[in-house]
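Engineer: Top line first, the protein sequences correspond to chains U and E. Add 392 to the 1-based position in the first sequence for the working numbering, that's all there is to it. Add 392 to the 1-based position in the second sequence for the working numbering, that's all there is to it.
Hints are computed from structural coordinates only; laboratory data are not their basis. Because the structure is a prediction, the values reported are computed rather than measured. Among the hints, erroneous ones may be present.
The list treats identical chains as one, so a pair stands whether inside a single copy or across any two.
Claimed, not checked - Subject to a maximum C-alpha distance of 27 Å in a straight line, what follows is the list of computed BS3-like cross-link-like pairs (lysine-lysine):
hint, residue 1, residue 2
1, 514, 730
2, 704, 625
3, 677, 704
4, 704, 461
5, 771, 565
6, 547, 470
7, 771, 677
8, 826, 565
9, 702, 625
10, 704, 565
11, 702, 587
12, 717, 636
13, 565, 625
14, 930, 547
15, 775, 565
16, 561, 702
17, 704, 561
18, 517, 930
19, 470, 925
20, 587, 704
21, 561, 717
22, 400, 446
23, 702, 771
Number of protein chains: 2
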Amino acid sequence: MGIQEDIKPRMRWWGWGVDGFDKPIKPAAVKILTDVCGMDIDANTPPPNVEDVKINPSALDADDIAALKEAVGDEFFKDDHYTRVMHTYGRSYPDLLRLRLGVLEIAPDAIVYPGNEDQVAKVIKVCEEREIAIIPFGGGTSVAGGVEAVRGGFKKAISLSTLRFNKIKEINKDAMTVTVEPGVFGPDLEEELGKHGVTVGHFPQSFEFSTVGGWVSCRSSGQESSGYGRIDKNVIGLRVVTPKGVLDLRDMPSSAAGPDPREFFLGSEGVLGIITEATIQIHHKPDVMVFDSYFFNSFEEGIEVFRELKQKDQLPHLARLSNEKETYFGIEQLGGGKLGEVLTKYLNFRGIDTPCMAVLGFGGGHVEARAEREAFNLKMIGKNCVRLGPTAGNIWVKERFTSPYLRDVMMTKNIAVDTLETCTTWDNALNLHKHIIHDMEAAGNAHGTPLFLFCHVSHTYQSGCSLYYTYFMNEKLGEEMQQWSDVKDAATMAMENHGGTCTHHHGVGQDHAPGLRVENGDLWTDFLRAAKKFYDPKGVLNPAKLQDGPVSLRARYEDDDPLVG
Amino acid sequence: MGIQEDIKPRMRWWGWGVDGFDKPIKPAAVKILTDVCGMDIDANTPPPNVEDVKINPSALDADDIAALKEAVGDEFFKDDHYTRVMHTYGRSYPDLLRLRLGVLEIAPDAIVYPGNEDQVAKVIKVCEEREIAIIPFGGGTSVAGGVEAVRGGFKKAISLSTLRFNKIKEINKDAMTVTVEPGVFGPDLEEELGKHGVTVGHFPQSFEFSTVGGWVSCRSSGQESSGYGRIDKNVIGLRVVTPKGVLDLRDMPSSAAGPDPREFFLGSEGVLGIITEATIQIHHKPDVMVFDSYFFNSFEEGIEVFRELKQKDQLPHLARLSNEKETYFGIEQLGGGKLGEVLTKYLNFRGIDTPCMAVLGFGGGHVEARAEREAFNLKMIGKNCVRLGPTAGNIWVKERFTSPYLRDVMMTKNIAVDTLETCTTWDNALNLHKHIIHDMEAAGNAHGTPLFLFCHVSHTYQSGCSLYYTYFMNEKLGEEMQQWSDVKDAATMAMENHGGTCTHHHGVGQDHAPGLRVENGDLWTDFLRAAKKFYDPKGVLNPAKLQDGPVSLRARYEDDDPLVG
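Bound conformation, chain U alone (with noise of 0.2 Å):
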């Protein structure tokens, strides 16, 4: 590819991925959404032209725009209709409404693709000297406000682009680690991996179209994390340009020299510096992953099972936990309908009234993955649960990446779709796990909008697990925003009263500020805040995010002058 085509938007405008994928909704889910959301199987609101789609004009002065273009080369500046919308904002529910919405208030003046160290540091000189925020942005799948230009008090922002920060410096087979800039794809760096044998192992759902720097400047976590350790859990080395200077952090399997300089780095989102390059430790990759099934009679005991087999080291590579609702509206869509309806006779006959599905997965060679599946099968006599195969597991890696495309054709139906996650400790995951379902539920029912939400564990430690919810609600045409801001205050406030965090992996962004002042603190907050004033003393980096995000939806999204945020 030329360097033009490496920097060209992946994604659809509009929506998530490319087109091409989008798929009906099956019989049974519509059957599910009409009788539990009220969802109109008629309904028909597609998303609008590009071209129609209507922006803020550019801020930029003349001088402002001949300042950057010095520090990036003119070819790297661009200001055109297309590249703006496509860098307003991220990939989150609210995100995708207000695109569809086609009137856009925020997006950046400009996009900039600095090509290496110099030329970042010479766009931050330029827009602390000509008070212009900078949003880093890489893949753009942020489903937290992340990425979304808010200007943070500046009346001006560009975004800035990592894109041509695609290389993979070195693959180092003795320390199993690979160096990589922050603008490689997922499928970009694992392609270039296996050539090599081995894997970074981190999928996020985003993985086709994420990017390094995000996964390391989120602190994200994969679907297979379980196994191969977040993100976090595996950069060994760094270096950042921040506004007061370069850092540069040596590769270091672990020390002593006081408090992690890479750990605090790690979820800094952008507000501290820009990274440059990261060395993540790389894993030997499996030759093959079998999958197996389990069916328990309650998300109690099918979390108790994982609990244990977590904390005496046997739970596989990849082990998720469907609650009983999440499990029906999979057997449903089973086979039209029929395939699941044999399945749950089955599964009554066997015992198990109210299904709750664990999809394992055990990675290895051809061998040792059938023969640790089979050992797995030793550790679960006695346990009260059904043994089902690997078709549940084939189903799921076969899709891994495609539900959020779901949500565009669920969008186009009128019918609003979000997910949100939370951690906590394994003795508080079922009393956490009831508020928020409470909580979210009766919010949806205050709009007259029931809920259709469902739940799974898909990260295991040996302390606690995640706990991952998805919801359809019918939206309601101009109270959208209203609706879906107040679910998610709910899910947010519920993880924070007992016990929760607000974010397992999505980031912080400006969704989950609030969330994260209740969970942190003031002090932590403030902290974070002589921070961003110690490397960023201008504040030009990724305003009103993070520490500085608002204080709550109602402000962010009912702000009277979003060109403010």
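Dock chain E against chain U, hints included.
Structural biologist: Chain E only, in chain U's frame:
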């Protein structure tokens, strides 16, 4: 025990541990130390009597004393000679040397023992108002100058003992965590946990005399941390009393809510606040640990095998690899030398001419542990090494905490003993090792006192390993400190210049401050200063440590005004 018993020092004032464990130097060691280092077997420099030790007069005035007594209660303010001597230094070689010289110029003016967070806050307030430095003190086992009562610009200093924070608050068998106060000693914690069949699994060599607070605040690592994980990988909740208020970090297995605040206080060494509670991962306690040993023909070959196995997740819980000289030192002492001779002949016969010993420990049930040991042996097929069974491991486990006692015996014979450690990536391990050995030996030779210096790998990570050095050197009367600091400097600078860390698990304190600056750079060091300014604006907490530590060892130990530090 009564409360006044609880806060009594556990160690003897002049050396490691308690009386009654000192053993004569074994004949084989005498021979080596005489031949290589020029040890004088007739040398005898015992420590002085504590009553004869001279200390600086207390700088506190009557108002200071009244205010501190008001904060903690009369009985928990101490300024008697013995208690002040006990809290002057940690337990590094230069600490022991200075204790033995019997002239202490920086004894803390008093020691306070707050009993709850309010009292900690009150002590801080008093000290801020009255300009008194506060040195947090747990077990006092620091080997990096971390608990030394340097004043950093203040005229007065007190030690704040954490020993009344001695409660194990909750053992949570669901989350498998223990919530514990910082003043709890290793053995007391493990005894209580053992009743529940669980363990923290944290066994630094200082285990008997170090506290949880020290482990957490210094990012400690234990002998079994390759299996259980370093302390920083196991802390999921934390409370810290800072001069700016209390930081209360909920128990959280994992989160993406910005930089992890726990990580910032892990390794903060009391310069930002006083840790008052930590929630730490616990683990099922194995019924037994069984051992095995293998002898490789070189350190290089052993490291290569360790790397390969670690990256395949096949290295057991405990794995240590001694270099040629450490192995030689151990073998020579077996059975008064005779058994060692037989063993050497046997190994030579098997083709191992320059043996490097690996000790492996397998934990679990009685059957499982032995099965794992045999399964491990299968992995060693085809590798150039000789298996020699459990004896070496059984000796190691018996003596795992006793080596520090040996220093006291050696120093009575005018032999300096010190240990130091680093960490690097696998590909750099031998390169770094060669530089460290070369530079340390050159520094010893420059004084005309050759080192007997050896090394082992005791902590492994997927990307690298620790390197742990022990050396012996004849002391030249009056030149000891210069000898030591030249050797130490040589080691630290070799680590910094060749891709290591200045400390893998001993912390920074003062002795590693020069290394810290090189390692993470001025930008990070300056940021730590900004963090200090934020949390401790008056700078009373553990001044002149970590980011504010001495710029060189020479500056530290040759300072004309030790009270200023």
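Engineer: If a hint holds in the structure, say so; if it doesn't, say that too.
Structural biologist: Now for the hints, and whether the structure bears them out:
1. 514 / 730: neither (62 Å within a copy, 70 Å between copies)
2. 704 / 625: Both. Shortest intra-copy (21 Å) and inter-copy (17 Å) distances satisfy the 27 Å Cα cut-off.
3. 677 / 704: Close inside one copy (24 Å) and across copies (11 Å); limit 27 Å.
4. 704 / 461: Result: close neither inside a copy nor across copies, 57 Å intra and 49 Å inter.
5. 771 / 565: So residue 771 and residue 565 pass the 27 Å test across copies only (20 Å; inside, 35 Å).
6. 547 / 470: within (18 Å within a copy, 60 Å between copies)
7. 771 / 677: Both. Shortest intra-copy (26 Å) and inter-copy (19 Å) distances satisfy the 27 Å Cα cut-off.
8. 826 / 565: between (46 Å within a copy, 21 Å between copies)
9. 702 / 625: both (18 Å within a copy, 16 Å between copies)
10. 704 / 565: between (30 Å within a copy, 13 Å between copies)
11. 702 / 587: between (32 Å within a copy, 22 Å between copies)
12. 717 / 636: For residue 717 and residue 636, the Cα distance exceeds 27 Å both inside one copy (51 Å) and across copies (47 Å).
13. 565 / 625: Both, since 19 Å and 25 Å are each at most 27 Å.
14. 930 / 547: Close inside one copy (14 Å), not across copies (38 Å); limit 27 Å.
15. 775 / 565: Classified as between; 20 Å across copies, 41 Å inside a copy.
16. 561 / 702: between (36 Å within a copy, 24 Å between copies)
17. 704 / 561: Answer is between; shortest inter-copy Cα gap is 24 Å, intra-copy 38 Å.
18. 517 / 930: Classified as within: same-chain Cα gap 10 Å, cross-chain 33 Å, threshold 27 Å.
19. 470 / 925: neither (29 Å within a copy, 42 Å between copies)
20. 587 / 704: Between copies only: 19 Å across, 34 Å inside.
21. 561 / 717: neither (45 Å within a copy, 38 Å between copies)
22. 400 / 446: within (21 Å within a copy, 74 Å between copies)
23. 702 / 771: Both, since 12 Å and 25 Å are each at most 27 Å.
When held up to the earlier numbered hints, the structure conflicts with 1, 4, 12, 19 and 21 and fits the remainder.
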